Structure formats: C-alpha cells, structure tokens
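If you're matching them up, the sequences are chains S and F in order.
Just so you know, we're using our numbering here: the first sequence kicks off at 201 and counts up by one.
Just so you know, we're using our numbering here: the second sequence kicks off at 20 and counts up by one.
FYI, nobody ran anything at the bench for these hints, they're computed from the structure.
Just to be clear, a hint being listed does not mean it is correct.
[What the hints assert, rightly or not] Under the rule of at most 20 Å between Cα atoms (straight-line distance), these lysine-lysine pairs were calculated in the PhoX-like manner:
#1 K607/S to K539/S
#2 K539/S to K190/F
#3 K186/F to K539/S
#4 K496/S to K41/F
#5 K41/F to K21/F
#6 K343/S to K315/S
In this text the structure is predicted, and so the values were computed from the model without any measurement.
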Amino acid sequence: MLSPFKRALRRVPGLTPGTRSLHRHLLLWLLLPQLVLWLAAAFVTYNVAERHANKAIDASLTTATRALARQVKPIGNGLFIDFPRAAQDIIEADPDDRVYYMVSTPPGQFILGNKQLPAPPPIANPKLGEPYFYDGTMGERAKPISVRVAALYLSYGEEGRPQRMLVQIARSRASREQLAGQILIDTALPLSALMVLMSMIVWAGIRAGLAPLSRMRALVEDRAPNDLAPIELEAAPQEVRALAKAINSLLAEVQESVSSQKRFISDAAHQLRTPLAGLKSQTELALNETSDPALKTRLQRVNESATRSAHLVNQLLTLARAEPESATEQGRARFDLRKLAAEVSAEMVPRARSAGIDLGFDGDDDASAVTVMGHAFLLREALINLIDNALRYAGRGSVVTVRVAPKDAQAIVEVEDNGPGLAEADRERVLQRFVRATHEGNGCGLGLAIVKEIVGRHAGAVMLEATQPRGLRAVIRLPRAA
Amino acid sequence: MKLLLAEDDAILADALSASLRKAGFEVEVAANGAVAEYLLLRQNFDLGVLDLGLPLVDGLTVLKRVRAARPTMPMMVLTALDGLDDRVAGLNAGADDYLTKPFDFPELEARIRALLRRTRIGGGPVQQMGRLSFDRDARRAAIGSDVVELSPREWMLLDRLLAQRDKVVTKDQIAESWAVDRSESNPGSIEVYIHRLRRKLDGSGLAIRTVRGLGYLLESET
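Hey, can you work out the whole structure from these sequences and the hints?
Right, here's the structure in full:
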C-alpha cells in the first residue's frame, strides 16, 4: 500500500519518471539543482564582487575628495582654490574612467568643476567631514553616464558664522562594473568547468548505476518467447535483484500454468488412445467378419477415420514433447545424424513399399559421421515426419531419397521426392500448424509444424524447395557439433 | 499357443481377443492387474500382452513380478504412454517389446509372432515362407521338396533376411552376423552373396529387394 503522501508525490508532474527514461530522469534531478546552485552562486558572487568594488572605489573617492577639499582654503569670506590645471587634466584624463568633480557652497552656489554632477540626496543635517556615497546619472539625456559619487561637507568661515562647503567627486560606474564583471567571470568560469565535470561524473555514475537494469533488459530481450527459465543476474544491486526476483516468480507462475495446460493436453491425448485402439480393433474385426461389400466400404471409412484420429493424437503428443517446456537440456547428446537418418529411412521402407514408393538413402557405406548435438528422439520424430510426408503426398511409383551431408559448419538433411511438388505460395504456409496444402490423404496438418518446432529447438532451419523437373525437397539445416 | 491379454478397456479387450483367436491363438483375458498377475504366475502362458494402465495393480508392477518369477516368458507391453521415459521404464521392467495404442492388428500379430520366434529355446521350428521352408534345427533349407545347398555365409544371410522379413537388413547387420564366421577365407562382397542367394531362391516365391543406400529386404514376390 502506498501512503497518501507517496501517492500525492506521484501526482506531481516530473517528480516520478513516468514514461521518461530513468537515465534522463536521474540526470535531470541531479543536474537541475546544480544549475540552480550555479545561478545562485553567480548571483551572490556578482553582488559580493560589486560590493567590494564599490568599497575600493569609495575609498579612492574619499581620498580624492579629501585631497580636493584640502585644496580649497577659506580666505576671509571667500574660498581660495589651489587647483592647478595639470592636476585637473590628470583627473579628467582617462576617457574610459572619467572622474568629475564639483565644489559648491550649498544651497546651490557653484564654485568649481562640472555642474552636471547629480545632487546628493537631501540630508537634513549632514555630518561635516564624513563622506556620503550615492549613485546617480549625469551627462546628456541621450547618453547618460552612470556614476558613483562621494560627497563631503566641510565647514569654513569664522566662528559664529559658519558656512558649509560641498565637495563632490564622481566616477563613472563603468570601471566598477567592469571590475565586478571580471570577478564574476573569474569565479564563474572555474565554477562552470567544475559543473561540466560534475555532470560528466554524474552521467557516468548513473550509467554505471543503471547498468544492471540494462543487463537485465538484454537478458529478457534476448530470450525466446517460450523460454520461461528464471532470469539469472550475477552481482546485481539489491533493487535490481528484487525486480529480477519479482519477474522470476511471475515467470515461475506462468511456467506452472503453461506446463499444467500442457500436461492436460498430454493427459487428454493419452486418454484418447485406448478408446481409439478399441474403435480400430473392433472395426478391423468387423471388416474381417463381414462379406457384404457395402458394409465393408463403410467399415473401411470408419477404420480410416479412426486411423486418422490416432495419427492426430500421436502428432499432438509429439508436438507437445517438442516444445521446450516439456523437455529440459537434459537428454541432449552428441550423435551421428547420418546414422539416425539411415535408421529412420530403413524403418520407413516397409511403409514405402506398401505405398509403392521407392524409398532410398543417398550415401556411401563408409561416409564419415555427421555429428550434431541435440535430442536424438526429437530429431528422429522430425525425420519420420519428413519422410512420412513424402510417402503420403509423392504418390505411387515415385522415388523418395534421403540424404545427409556436412556443409561448412552445418549438417544438412534432405528428403527429396519426384512427386507433384508444392506451389510456391504453399511452401512457407504448410510449416504452420493445421495448414494443409491438399485435402487428399489422411494427414492432420501437424507433420511439418512438428519438424519446424523440433528443428527450431536445435537452432536449425527447415525449408521446402522445388526440384526439377518436378518434386519437392525438404531441407533441414542444423549446426554441426565439433 | 496360449496368450494372456491384460487389458481393462472392455471394448478393446473384446476386439483383441477375438482377433487373436481368429489368428489361431488361445487367449485368456484379465481385466485388472491382480488377475493378470495371478493367472500369469499360476498358469503356463506362452506369452503375456500387458496394458500398463491396469486397475488394482499397475502393469509395470505386474511386469516386474512376473519377470522375477518367469525370467524367460515373453512379455509384450501395450500402452497409451509413449514418452521416452515410459518406454525406458517398460523395457527396464522387463518388457520384450513395446507397442503404442492405437495400433493395427496385423502389426500386433506380427510382433507377437516375432517375439515367440525369438524367445523360443532352441531356435524354433521350421519357418515357412512362400515355398521356402527353413529348418534352423536341422540346418536345412528347401524349396518345395528340393533342398537348397547354402554355404555358411549364405545360410547366415538368409537366416537374417528371414528373421527380419519385410524389413530392411542393413549391410552393417550382415557384416555383423558374418563377423563370427571365419570358415570362408575369401568372402567377397555382400553384393556377390546377395546375387548368389537370389539365384538359389529362384522359384521360392521370395524376392530379395535392394533398398537404395540402406541394404536388402526379403519379401514375397507379388
């Protein structure tokens, strides 16, 4: 059960991965805070830098103001200003870092300097000899210059009739902003580099952390749809192991359900055999005992039907056995495919003879073994079905030849007949279950499906080819064992 | 020839016993394992035909107990189970042959006769096929009343072909059966012996067919 809090969290968009990639989700959640931190750091750095730059500039402005103030000397009721032209030039020299000054005797009596300097904020009773700092703009309206101004109030005059003098020095803020900007860049650059490095480390970390998930995905993706064996993960973190465990228990349940269904089919098919045997035996007996030709024909049909049902039951059971759930890796062994094919062919000869078909095996007596690895009893069924198919459909008087040969890393079995063959459109189709290309004969449409299933289980392939001038060749390719 | 048929399916048992009687056997039917075991151990049967899925005592158990008491009695198993494991279990329990339901009656009859031939102590009686009579005891073959002279290898070859009549005898099997015999110093190829035997079987109504790439097969000429 999820707590209401967790459920509420789930509803926040972007908080849970949803359908997004876990990689991207984690990356986002690790890098987004970093970006915020980076922005905050940049902001704070800029402000701190600006404050320090202001302090330095304010200090220099103070010095300059005092120095200028010293040059102003009261003489009687007037002021004597000893400010040589050279000094003025030096102060106003740097065009990028202009310094402006103004000496006045408030209220509003201009004495010396640049009249455009912004007035200090009105202060009721300014302290004398203490510099005040403020920001302002000056210059033409179209192109205002932002300045930092230091204002110093001084008193002069005689006792009892004091007069105030205001000395202002302004400096363009350009230099100050430049300084702060420089400090910001100097701090932000290494910070950014650090962040990129951090992101790379985080990315690598996420990849490494999620690698077990990718491995698990590969394990699940690569398996055959009917492979229900548990997932085996070595050295996986706890969370992934828990997931694998959950999947495994599901797989086990599916496996159990599949095999119980298979068992049921198998049991049902087995149960059908005894009554079918009874039906067949009774029919055969009746056929023997009657001399009525009409009845004989009917009984013959019943017998055929029983035979066909019996064949179907057998094929169903073979198919069930051929499916991977029924037999494990146990029972796999190396064996000579040529020998097996010769044995099977020999066993089928009596049937071929009664069907008027010349069944033969193409191979030297002392040809070398063609070794494959697998379930011999299943491959035997596959071969029986291929030959059985040829005997069923090639027709009386035809020639069926079985051939086994190694080719590169493959073992090739061919069953070739010179019967009517199969239309190209049918050659792929007849490999499916219950698909028949003809309505003749007693086939049940499972033979080639069984072959395909069995050969598929042995990592092989089966295909049907036309032969010249007529006929069909069924080819099985299997990997050879070393 | 007296057979015991142990089969619990009444319809199948009825048809089989009728067919077997028609084929000339004396047949006793047991409907469950306990009766089958009792009869097999108390009476003298030439052969037992056992279904594995019997009530009361299952077929495998009956088979094991009878096998313990009568080691030489031929036992044929009929079963609805045909998995590899089932087959191995049946043969391990002592079955001489194994036939899966449903089957054709001629197949069952042929197997029963083959089993009786194979397990008969002393090689069995004179085998008759077509006009050929083959007396293993007297080591004498004849077509009609004419004795056919056979060399030891020809005899072994014909013996093998007859034992597996209508079935393929591979060249390996022929070579195998010859391996014990050293009487003919320069035996020649199998083809030469087949050729000679064919000539000697002329008029017997039997034919040795060559099966491409596999071996030979003896059948009645039609």
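Among all the numbered hints in the text so far, which are the ones the structure does not match? none
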